[in-house]
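Protein chains: 2
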Amino acid sequence: MKNDSVKFKKELSLGQKGCSLRKQSDGKGATQPHFLSTEPYKGTRDFYPADMSVRNYMFDTLSRVVEQYGYVEYDAPLLEETALYKAKTGEEIVNEQTYSFTDRGGRDVTIRPEMTPTVARMVARRRKSLSFPLRWYSIPNLFRYERPQRGRIREHWQLNVDIFGIDSVSADIEIIAVAYDILRAFGATDNDFQIRVNSRQLINFLLNDFLKVKNEHAHTLSKLIDKKAKITEKEFKAQAKEILGAKTAVFIDFLNNKDIDNLPKEFETNQGAQDLKKLFQMLNELNITNIVYDSTIMRGFDYYTGIVFEVYDTNKKNNRSLFGGGRYDNLVDIFGVEKVSGVGFGMGDVTLLDYLTTHKLLPVNLRSDTNLYICVCAEKYEKDANILARYLRARDIGIVLDITNRKISAQIKTAVNANIPFSICIGEDEIRSGQYKLKMLSSREEKLVSKEEIIQIILGRLKQ
Amino acid sequence: MKNDSVKFKKELSLGQKGCSLRKQSDGKGATQPHFLSTEPYKGTRDFYPADMSVRNYMFDTLSRVVEQYGYVEYDAPLLEETALYKAKTGEEIVNEQTYSFTDRGGRDVTIRPEMTPTVARMVARRRKSLSFPLRWYSIPNLFRYERPQRGRIREHWQLNVDIFGIDSVSADIEIIAVAYDILRAFGATDNDFQIRVNSRQLINFLLNDFLKVKNEHAHTLSKLIDKKAKITEKEFKAQAKEILGAKTAVFIDFLNNKDIDNLPKEFETNQGAQDLKKLFQMLNELNITNIVYDSTIMRGFDYYTGIVFEVYDTNKKNNRSLFGGGRYDNLVDIFGVEKVSGVGFGMGDVTLLDYLTTHKLLPVNLRSDTNLYICVCAEKYEKDANILARYLRARDIGIVLDITNRKISAQIKTAVNANIPFSICIGEDEIRSGQYKLKMLSSREEKLVSKEEIIQIILGRLKQ
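Taken in sequence, the protein lines are chains D and F. In this text, residue positions in the first sequence follow our numbering: the first is 13, and each later residue adds one. In this text, residue positions in the second sequence follow our numbering: the first is 13, and each later residue adds one.
Think of the hints as simulated: they come from the structure by calculation, not from any bench. These figures come from a predicted structure and were not determined experimentally. Some clues are possibly wrong.
Just so you know, same-sequence chains aren't split out, so a pair can sit in one copy or run between any two.
Calculated lysine-lysine pairs in the DSS-like style (CA-CA distance at most 27 Å, straight line) [said to hold, decoys possible]:
#1 Lys289 / Lys395
#2 Lys289 / Lys259
#3 Lys246 / Lys226
#4 Lys351 / Lys425
#5 Lys475 / Lys463
All chains, please: the whole structure from these sequences, using the hints.
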């Protein structure tokens, strides 16, 4: 193993440019000691416990819904060899947006910017021993080098849900139902979001067979459709006309049609059209009706091959795509193993949190895992308080034992601020009698009870 | 923001040296297409669902125990500016063992090799607004560039448990009790591990006040104590003698003493000695007795200032340190904020998994989150199967719906292999009658039931 990579600095001096040292001046010309910055690295977030409980609430909800569909969790290394991302991901991402570097052994590595190449690698690695179909999910953190802005930061987490090994549209139906159920599980109503669906097969047929454009032009037109919502109608028409000439009107009519049952008759036998029809029928049977056909939904990635979808916020002030996914049938090819079809989606935590906040869907009080706060009247009672705490913890009571040796009022205040439901205080009387004043901190009600009664009351409350 | 860092390769050609391409030859001189490797990056692990369920079992157990003590979860960015690690961590780690590189904006960044500098930064960042004491935990992944070997790989996860803001030994007692309870929660008995405790204050007093050695020699002797177990007695004595001369025997006698109540009388007023005595008394009161005083426990990191401990596997074939921690009172100094004391430990997932495996403490069958497998007799019944699945999922039944359109026997086999407890099949009869043969897959018993009875039976079983 080589250890002499020139890409690594062997020595980093603290004072150099680019290090996060804060020079503190007293304003009189004298320079005080240099202190390290306490800020997190640019474009990333610290998760203090309050932030973490929100994140845990979000991730637990995601896991619960996907596990109800039988999806099982996987994970993978944060670093992959860079070659993995060169094969299928858009060039822009690898060249300008990844965190790529050469390790001390001379390997080109990248901090994963997305999970799909990794999961494809894992499926390919055990192509022969895995029993398909697979229903897999993961909530990895991902890195992209971007100028930080709303919803686009450098480190984010992303739910990845995929089903592998089902060629029929049944898989696409299930994946879209999962996406729908996730937003419903957070309390969103059908009016709060809309699912827009298209098929790459339909678009390929449109360009190659119906409009009969050349391959290189088909690619340009695909990109043009993808950015339709971002440019003016006039601009769109002008760019389309450059390639399509007289066929431009037919092209635009096709894109403006929102009724899957109203396609030109040439599309009747197209697999993409048939799949879309079946998908809309089935989802309507399942009472999922906030779903529309939208032939301008393309998804940026080159690897999609079938149905693609995006979920939009219907909030008029913020009518944007929340997340999306689709079918990719050729993803393991690059590993030289037998084909596996996949359908899946990715949902970022930043966008989701923003959506939940905007729609006021975050719970106000996330429940504390601690049930009881034990105050200690003086240091000499810590031993007995510790013994009691240990007894109760062994019976599934979560306890904070106050070992600060502060005034009781300060101890109680901490318990209240931490949103802990019950408290007791340990002093001479309690130790002698084995009876404790159990205080419900929200109502300040007190009740004299034994330790067994404490267990009964608290576990009884947890079951509610 | 600069985007022109020379540390980044703008283009990476697939065929170059160091990329993970596998050349496949047919043995006749002809070279077949190059395929990407499916192996994870060297020294890292893929977590397939079976591996992940073990990891989740481990992490869930860790979280449950620490949360019973009122510890709350936090997290932080994976990348930190490199300067953070230069300040307190041993030089060796930053210079040779980190994944450090320069980002596209010219910042020197490092993938975190440990969590303590990060948590110190977070505490310092909100030094004024946080209300102490804090009980915090996290289970981050960490990276070190190491030659992969047993228990020392490049990416691992580590439980970090810390209490901040308690100066008294009560915090050390709590932290060691947490460490003890974690191993007990995994099913280890007191005979399966031993907790060895020392105090840096005691060692400092030994070297500076009792043996009266110079500062630079004290440092050398500290390092020597730290490696005592790794060298021969003779070597140890020789190296000690170079510094201590005639005092060597006293030094060695001190280190060989295993009874905290048998220290030389000069140590009576030493805070370290008093803390250790109180700690042993209290832990014994709490019935934690597999704990010993061991003055050779130093812990490598420079930042420890008080009690330090390591937990050892007592297995004679593998009598090694599993994890450890201690008190560090000066960790936020480098940020120029008011002092905060901390006590904590870190526990790596690789060592823990190894320990649980060696001691046969991993559960044989981790319960599936899926309760019911719905087989579909023919594609035309998928609609009704989907509607039924949706109805049951809304009532908290986890369901895999088989959409493979395979033979029923193949569908059942999948359910059995996935360890799912129940199955039903949907066909003409079931749809007409609303009655389903609910099969318990372990015993193959069947019972004809309605969908409401399915819910009752499965939820009843979950409560057991």
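Results of checking the hints against the structure:
For the identical chains of this complex, Lys289 and Lys395 are inter-copy neighbours only, at 14 Å across copies versus 71 Å inside a copy, given an alpha-carbon limit of 27 Å. With identical chains, the CA atoms of Lys289 and Lys259 are at most 27 Å apart within one copy only, with a shortest distance of 26 Å there and 90 Å across copies. In this assembly of identical chains, Lys246 and Lys226 lie within 27 Å of each other by CA distance solely inside one copy; the values are 24 Å within and 82 Å between copies. Taking identical chains as interchangeable, the C-alpha atoms of Lys351 and Lys425 lie at most 27 Å apart only when they sit on different chains, with a minimum of 23 Å there against 62 Å within one chain.
For the homomeric pair Lys475 and Lys463, the shortest alpha-carbon distances inside one copy (19 Å) and between copies (26 Å) are both at most 27 Å.
Checked against the numbered hints above, the structure violates none of them.
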